[in-house]
Amino acid sequence: MTELWEGLVTAVKLIISLDPEVMEIAGRSLAISATSSAIAALICLPLGAVISFNNFPGKRTLINIVQTLFSLPTVAVGLFVFVLFSSAGPVGGLGIIFTPTVMVIGQVILISPIMLGLTISALSGVDKAITDTAISLGASGFQMAVTVLREARFAVLAGLIMGFGRAISEVGLSMMVGGNIRGFTRTITTAISLETSKGDLELSLALGIILIALALVINLALNRIQQR
Amino acid sequence: MKRNIVVSILAGLIVIGLLAGMVGCAPTAPPSEAQYPLHDPLVRFRIATTTSLYDTGLWYHLEPIFEELANVEMDIIYAGTGIALEYGRRGDVDAIIVHDRAREDEFIEEGYGINRRNFAYNFFLIAGPDSDPAGIMGSTATEAFEKIYDGGINDPDTVKFVSRGDDSGTHAKEKLIWSQAGFDYEEVRNSGKWYVEAGKGMGPTLLMADEMQSYVLADISTFLAYNLKSGLGIAPVVEEDPIFLNVYAAIAINPERYPKTKIDIANKLINWLISPEVQGIIGTYGEAEYGRSLFFPIAGCDMPGCPPVEDYTLPVPEYTAE
Numbered sequence: 013m014t015e016l017w018e019g020l021v022t023a024v025k026l027i028i029s030l031d032p033e034v035m036e037i038a039g040r041s042l043a044i045s046a047t048s049s050a051i052a053a054l055i056c057l058p059l060g061a062v063i064s065f066n067n068f069p070g071k072r073t074l075i076n077i078v079q080t081l082f083s084l085p086t087v088a089v090g091l092f093v094f095v096l097f098s099s100a101g102p103v104g105g106l107g108i109i110f111t112p113t114v115m116v117i118g119q120v121i122l123i124s125p126i127m128l129g130l131t132i133s134a135l136s137g138v139d140k141a142i143t144d145t146a147i148s149l150g151a152s153g154f155q156m157a158v159t160v161l162r163e164a165r166f167a168v169l170a171g172l173i174m175g176f177g178r179a180i181s182e183v184g185l186s187m188m189v190g191g192n193i194r195g196f197t198r199t200i201t202t203a204i205s206l207e208t209s210k211g212d213l214e215l216s217l218a219l220g221i222i223l224i225a226l227a228l229v230i231n232l233a234l235n236r237i238q239q240r
Numbered sequence: 363m364k365r366n367i368v369v370s371i372l373a374g375l376i377v378i379g380l381l382a383g384m385v386g387c388a389p390t391a392p393p394s395e396a397q398y399p400l401h402d403p404l405v406r407f408r409i410a411t412t413t414s415l416y417d418t419g420l421w422y423h424l425e426p427i428f429e430e431l432a433n434v435e436m437d438i439i440y441a442g443t444g445i446a447l448e449y450g451r452r453g454d455v456d457a458i459i460v461h462d463r464a465r466e467d468e469f470i471e472e473g474y475g476i477n478r479r480n481f482a483y484n485f486f487l488i489a490g491p492d493s494d495p496a497g498i499m500g501s502t503a504t505e506a507f508e509k510i511y512d513g514g515i516n517d518p519d520t521v522k523f524v525s526r527g528d529d530s531g532t533h534a535k536e537k538l539i540w541s542q543a544g545f546d547y548e549e550v551r552n553s554g555k556w557y558v559e560a561g562k563g564m565g566p567t568l569l570m571a572d573e574m575q576s577y578v579l580a581d582i583s584t585f586l587a588y589n590l591k592s593g594l595g596i597a598p599v600v601e602e603d604p605i606f607l608n609v610y611a612a613i614a615i616n617p618e619r620y621p622k623t624k625i626d627i628a629n630k631l632i633n634w635l636i637s638p639e640v641q642g643i644i645g646t647y648g649e650a651e652y653g654r655s656l657f658f659p660i661a662g663c664d665m666p667g668c669p670p671v672e673d674y675t676l677p678v679p680e681y682t683a684e
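Heads up: the sequence lines are chains A and B, in that order.
Here my numbering = 1-based position in the first sequence + 12.
Here my numbering = 1-based position in the second sequence + 362.
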């Protein structure tokens, strides 16, 4: 129990003192996960709209596959990306293994199914009457999409937040493809893993608390935007 | 009003995008510069190192000195010997620091590694509960393993052994001791619930052994470092057996296999590690914190099992491509 308390105290101290190493790690975690979330959102929002608004054979199967991929294990994605981008791998020539770039690529693969699947279900949840009305009022396909997206904004944003949450909280992938290099690819989760293995449980707990605090701030900010 | 909402969603995306913009500058952001000065021109030199040299903080100590010396940005990946060798085989690192002579030899014979030099050593130990349920106090390493095996088979609730189970150098040493004691390792690991495979690094394995009040094979440096931080409820029971000798080696990745690896810097690192300067650092590292040094400079290694002298006195030659 003392560890939990000490962890909390350490966390508060590290946050108040703006400890440079902790701030750097937290900033990197945020930057990498935000980048991968932004890229995944740019892919998944339009793609989700296209899949949702069109009927085609195999649509149900496609959605089932996407939903299955929600449970992609982070270490499996990590292994796949590692084998792909390792120097001996098919695109090893890029030389980006153990860099933040390859971590972003991995996270995009990891969270895209969630963002895509939740976008599709958000858009499908919109009352059919709204699309019908929009079409009867002479809306173009794009205008209709915008109308539906507007109606489904809460659910869509929830999907984006889910994706971001998965990106910032995963450890297996970041560890495997990033290598947890100090000052370069170390994130909050890989730092927790390392500090735990070094026996520094208080610092680990403190970093965990900082991660949750960070997620809270992001969620509050997005909710504010959403409610305006 | 409703239009605002679409704008808001877009604004949200833009915010995410702006945060994203940070990623480019994150590694060079001012706080990181203060902490780890980047070198110009920025050359990244990457090594994979066995966990004990990292857990004990030795690399934290050595890293800035070598970065200054070689004018490089050193990327250190924390990996057990098994995975470090795999990174080496794949050409993902420029040099590796490992401690398993048999697999090192294999690695070099396969043509992946060159210029191996030993630079430090210390010892393993068997730690266990104070009550010593298997009665191994005063035994040799192989006798102790026999007693733990017998105890574990007869009374698996009180006599347990936690193994790294992760193909690390420590795990290799454990297998070696089992075989020297006349056991077939596969048989041991399948012989009952007394034998626990952690599949973790040294630190977490020690914590598990502590929680389970079991025996464990550990390198002395991680044991001391972890004991100081977490106050382990297990203590060294068997030490000082020649088989416990644990020799660390640095190996450069063969540039003929992977021409992109930075052989010149790797050679520089290896020669620096065996230089009197670093040997001196290694000999005293940890004395202030732990009351004894965690590693010994290889130059003083004179017992059976120590590497031949040229393995640490002879600087590696400069690499010239053919």
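FYI, nobody ran anything at the bench for these hints, they're computed from the structure.
In this text the structure is predicted, and so the values were computed from the model without any measurement.
Some hints here could point you the wrong way.
[As the list claims (entries may be wrong)] Simulated pairs of lysine to aspartate or glutamate, EDC-like, Cα-Cα distance not exceeding 20 Å: (1) B:LYS537 to B:GLU573; (2) B:LYS591 to A:GLU207; (3) B:LYS630 to B:ASP673; (4) B:LYS591 to A:GLU163; (5) B:LYS630 to B:GLU618; (6) B:LYS591 to A:GLU214; (7) B:LYS591 to B:ASP517; (8) B:LYS591 to A:ASP139; (9) B:LYS562 to A:GLU207.
[Claimed, not checked] Calculated Cβ distances over 12 Å to all of chain A for the following chain B residues: (10) ASP454; (11) ASP546; (12) THR584; (13) ARG654.
C-beta: ideal position from N, C-alpha, C; glycine also.
So, going through the hints one by one against the coordinates:
no.: 1; hint: B:LYS537 to B:GLU573; in the structure: 23 Å, violated
no.: 2; hint: B:LYS591 to A:GLU207; in the structure: 11 Å, holds
no.: 3; hint: B:LYS630 to B:ASP673; in the structure: 16 Å, holds
no.: 4; hint: B:LYS591 to A:GLU163; in the structure: 54 Å, violated
no.: 5; hint: B:LYS630 to B:GLU618; in the structure: 18 Å, holds
no.: 6; hint: B:LYS591 to A:GLU214; in the structure: 10 Å, holds
no.: 7; hint: B:LYS591 to B:ASP517; in the structure: 32 Å, violated
no.: 8; hint: B:LYS591 to A:ASP139; in the structure: 59 Å, violated
no.: 9; hint: B:LYS562 to A:GLU207; in the structure: 14 Å, holds
no.: 10; hint: ASP454; in the structure: 5 Å, violated
no.: 11; hint: ASP546; in the structure: 30 Å, holds
no.: 12; hint: THR584; in the structure: 9 Å, violated
no.: 13; hint: ARG654; in the structure: 18 Å, holds
Checked against the numbered hints given earlier, this structure breaks hints 1, 4, 7, 8, 10 and 12; the rest are met.
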